[in-house]
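As you go down the protein sequences, you meet chains A and B in turn. Basically the working numbering = 1-based index in the first sequence + 14. Basically the working numbering = 1-based index in the second sequence + 14.
Warning: the hint list may mix true and false statements.
For lysine-lysine, the following DSS-like pairs were computed, each having C-alpha atoms within a straight-line distance of at most 25 angstroms [said to hold, decoys possible]:
| hint | chain 1 | residue 1 | chain 2 | residue 2 |
| --- | --- | --- | --- | --- |
| 1 | B | LYS586 | B | LYS22 |
| 2 | B | LYS623 | A | LYS543 |
| 3 | A | LYS623 | B | LYS529 |
| 4 | B | LYS623 | A | LYS623 |
| 5 | A | LYS22 | A | LYS623 |
Some chain B residues near chain A, calculated using beta-carbon distances under 8 angstroms [what the hints assert, rightly or not]:
| hint | residue |
| --- | --- |
| 6 | THR155 |
| 7 | ALA437 |
| 8 | PHE550 |
| 9 | ASP558 |
The hints are simulated quantities; they were obtained by calculation from the structure and are not laboratory data. Just so you know, these numbers come straight off a predicted model, no measurement behind them. Virtual Cβ for every residue (Gly too), placed ideally from N, Cα, C.
2 protein chains.
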Amino acid sequence: MSEQAPLKLNEAELRGLLDGRWAHVREQARDVLQGERFAPVHGLSMEEHRARTFDQLIALTETGIPTYGFPESVGGTNDVGASVVAFEMLVADMSLMVKMGVQFGLFGGAISALGTEEHHRRYLPGVMSVEIPGCFAMTETGHGSDVQRLRTTATYDPATEEFVVHTPDEAARKDYIGNAARDGRMAAVFAQLRTPGPDGPIEHGVHTLMVPIRDENGDPMPGVTIEDCGHKAGLNGVDNGRLWFDQVRVPRTDLLNRYGDVAPDGTYSSPIENPNRRFFTMLGTLIRGRISVAGGAGTATKAALSIAVRYSDTRRQFTRPSAEDGPAQEVPILDYLAHQRKLLPALARTYALHFAQEELVTRLHELSKNEERDEHAQRELESRAAGLKAVATWHATRTIQTCREACGGAGYMSNNRLPQLKADSDIFTTFEGDNTVLLQQVTKALLTNFQDSFGDLDQLGLARFMAGKVFETVIERTAAIPLIERLIAAAPGRGDDSGLYNRGWHLELLEDREKHITEGLAARLRRAKKDGSDAFEVFNQAQDHVLAAGRAHMDRVVLEAFVAGIDRCGDKSTAKLLNRLCDLYVLSVVEEDSGWFLEHERLSTARSKAITAAVNELCRGLRPYAVQLVDVFGLRDEWLGAPIALGAEHERQGDQA
Amino acid sequence: MSEQAPLKLNEAELRGLLDGRWAHVREQARDVLQGERFAPVHGLSMEEHRARTFDQLIALTETGIPTYGFPESVGGTNDVGASVVAFEMLVADMSLMVKMGVQFGLFGGAISALGTEEHHRRYLPGVMSVEIPGCFAMTETGHGSDVQRLRTTATYDPATEEFVVHTPDEAARKDYIGNAARDGRMAAVFAQLRTPGPDGPIEHGVHTLMVPIRDENGDPMPGVTIEDCGHKAGLNGVDNGRLWFDQVRVPRTDLLNRYGDVAPDGTYSSPIENPNRRFFTMLGTLIRGRISVAGGAGTATKAALSIAVRYSDTRRQFTRPSAEDGPAQEVPILDYLAHQRKLLPALARTYALHFAQEELVTRLHELSKNEERDEHAQRELESRAAGLKAVATWHATRTIQTCREACGGAGYMSNNRLPQLKADSDIFTTFEGDNTVLLQQVTKALLTNFQDSFGDLDQLGLARFMAGKVFETVIERTAAIPLIERLIAAAPGRGDDSGLYNRGWHLELLEDREKHITEGLAARLRRAKKDGSDAFEVFNQAQDHVLAAGRAHMDRVVLEAFVAGIDRCGDKSTAKLLNRLCDLYVLSVVEEDSGWFLEHERLSTARSKAITAAVNELCRGLRPYAVQLVDVFGLRDEWLGAPIALGAEHERQGDQA
């Protein structure tokens, strides 16, 4: 295959391309996060780990990193993109990554987004300096995914001009709350807001209030009960806890009142009339956390692949039958096709997701700069954030697991880092939105073309929503539109079996699958609606179809981002290599779902077999570049930490006679 | 679908069927493994965990469990099947499971299998009583999978009638050795045996010697260096370590000499002339460890499913649109199709693997009773053990991961047990043989019809082996042969699209796939051989094909075992239910590989789509029985330990107004 002629990878060029728009933030992180203080550790007790993580958090305040996401009015740099990128660089200990995310991203982010200037002035300096360690108290034991049904209440008392924050039952206790068990002083508490009305309390839906939870001595405030969630699978440097409020009173002005306010007399007002729309608008402002998690999952994946690829490049096992005249040689395990199959398609997808993430962060950043709110763009951003978070974290879980196995017994040793990467990142598929629920949101947005959907978290909302709608499947592009359309236009016609490596054909194939699945789903839901079937049953029987649509959409979006990324590469030979990697990404995606493509006659049986052969061929062709392709991720050796990735295996072999 | 009429599950009957031939061993374990001492714990330091595990091991000596696998001559009960079944019951803390496996199974097992009566008398009582804690020192840093190339040497010195055991380089240090870091007093050391010859030392291949590693005070013996492997992803109650030997001398009689002996004058003798055959015969006697791991993986999977299914049955999220007159109700998450899809096909496969495991243990047990060695049966057992270990441990890793995710944040909390089950069982895909290597052995045995293969661990052996062979694919059955053949005979003809639930068709479909893949592989290798291609390249380019053949074989073998197991069920209604579960197993296997079946025109596109619909339908139909289907595994509540599996969620909901 002529495509597989040797190429030269320009590492500086590729590093620059991957570092992207926020290269300076990545460089700063590489510069700052050095030495003993930030190096990976293992085997600490939970308390030691928590203390260390808190110290690290304080140390970060000397770097300027905490100011990225905050308004200039309080000393921030108002660079949302930078705040997300900085988060993802903290891979040396993901407990610090998450602790920082809780303090600056979630707690600080809620005050920024939902509070008004008075709140910013009062709280944000203390958030940035970690003088006010804080919690983002949204999730309750009874409701994680279904935020709209939280049960904590905040009832206004005009007599004292205070809100009474209360936990009515065990379902309403705040659960898994980061910073709660040890360090938090305040919490941004999500609660059902109630004001007095002539016929009893009036409900205004979920709002957020600032509630002190510990006094200066670190003791719980009166009426606040705190429990430690205890030991977890990973992230034991983060002190997750539970919170109960027993008629806790906070001043009226501690309601974060950007989207809903209560006057001293108890009159409620909001710039958004529709309560549903208000709720989803408020939630939408918190999208940064989800995007950060997708980025963090990406870095964890890159770290695991860096370790596994470097080790497999040096680790040898089993002897290659000797050439006539030479001695028998043991084979580096990355030379085996099965090993390449484990690591290289995962590496290709990691690249693809990297470009998709960069695109998403850019979009988030630009929307944050807009004066005018663009409803459609915001919906589209929320949908893509949900989808990318889901696919990136599933990919992380699967890939890090594979890397552990690919390193055998060495991969099971804590000092080789893979166990911690696996355990820490494991919860990423759950927090900031359960992946299955998120993928449904993606599909809903597709079906509604990003209109009127308010990012509804309620999966049954989908079924209810169907009534009387006319669906129109519109393929929306965000990345490099003219380039993508040009490539598709140049694709060979359907039924033409030439050009397995034709990018236009790839783009068309994934777009066609997305369109077909989504249209089929719409038709199915419409039919069921006409029959008068039970809305829950209709939704539930189609749930696998719903998820398939979301997945197909994301595969297409991620491919387009990869294609657009390669187009920005300034070095021809490097771009060619990236194109092979992109071939591997898309063909392994198609191979994984070959059943669908064959069932729907999008591939002939011969073509389907040819794709398997092509994936093998691409693995073989990319193998010589594998180490360079992980090195350009630019994760410092001391962040990887693993001796097996840092020459120990090579050194050991030198010792062997 | 009439198949889905309500059924009554007879729990006692099903429990009896699952408990099987060694039900008394399972009952004893349920009886003995109770109370504080054996309950699951988490959050211990490594040293605390090791101490606790060692105490538990000592406590086991009071139960008779350690005697199961040992000869009657030394006070054992010589019940190999019982020893494997007892191992798999120790799921309350898998560190104990593995520690027991190291002491009685590996260390004691090596002395039993490779030693002679003198060794049995001298060592086995101390092994059973744990007065001699011991190591199975096979794996070296440089060679795990490729045992034949171990580098530790044992050189005979006729002057003193001793062996000199030596570690020549870092590749040869013993690594990951259980019992080495803290407790072990002796080690069964695998080393290259050398005797003096006229022209320098004569090599006799890998043999095993008893080497003291610590004195009575617990200090390393002279010449022995011991290092702690340190903290691991899981199993931190097991003290894995590294061993180096510096010219350590042991008496001639401490060579385990059943398969090879050295006379005082240095003359080597063996009942097996061919060194290759001798090596694989010796390794073959150690097959019990691999079978035990498959069983342990099965129990870990059952425990995780028990937790996740019970929790999902009570945990509710999102509201079902209310009936006209009732209040809105939140939906138990196991009612969602997507959640059923996560857990129920995995449950079906767990059942299938259970029956395959029971069959394998029975076969092992019966062969151990045979006076005469049956080469073919032994090869067949080894191949099946390799295959079942691979598929059962991969299934465990995947399923426990899925269960964690299915329990959301609760699944991430250590007290809910899933983190520990995941971390502990993770290494099962690697130890006792890397799964990828094992699956290749399966295929090799298929290609050679279990002849002449000596269970060769060297994957390149496969390529070398091809020269001039004529392949003949023979489908070998072990389970209920007449029943299976009757079912296949009654299957509708190919191309007949009726009877999606016809068992004969299922059996034929999987058998046909295995045959086609294996024959295709054989033809491919033959062709390449004829071309005179490089043996390594030939093997390597076909490696995915090799693995696919092994996987297809195991799917068929496991299905046959499931079918045979159901045939033993005495209750008609329960058998019907098991048949639905078996439908779910086989149809989800086919669905997962639908690309292959379509590519090879074994399924029409319509049939393939119908299978997806059938899997959904089966999930829905089995959902009401899910809790019973995990309860009959008979894992004690206190072994599961997880509050979310033991009523905590139900209780919490009772609290909610």
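Structure-based check of all given hints:
Note on LYS586/B and LYS22/B: the hinted pairing holds, with a Cα-Cα distance of about 9 angstroms set against a maximum of 25 angstroms. Using a Cα cut-off of 25 angstroms, the hinted pair LYS623/B and LYS543/A holds, with the two alpha carbons roughly 23 angstroms apart. With a C-alpha separation of about 18 angstroms, the suggested pairing of LYS623/A with LYS529/B holds against the 25 angstroms cut-off. Only pairs whose Cα atoms come within 25 angstroms are accepted, and LYS623/B paired with LYS623/A is accepted, the gap being roughly 20 angstroms.
Between LYS22/A and LYS623/A the alpha-carbon distance is near 30 angstroms, which puts this suggested pair outside the 25 angstroms criterion. Interface hint status for THR155/B: upheld, as the beta-carbon distance to the closest one in chain A is roughly 7 angstroms, under 8 angstroms. Because the closest C-beta pair between ALA437/B and chain A is about 7 angstroms apart, less than 8 angstroms, the hint holds. A distance limit of 8 angstroms between C-beta atoms decides the matter here; for PHE550/B the minimum to chain A is near 5 angstroms, and the interface restraint holds.
Annotation: ASP558/B was flagged as interfacial toward chain A, and the flag holds, the nearest CB pair being 6 angstroms apart, inside 8 angstroms.
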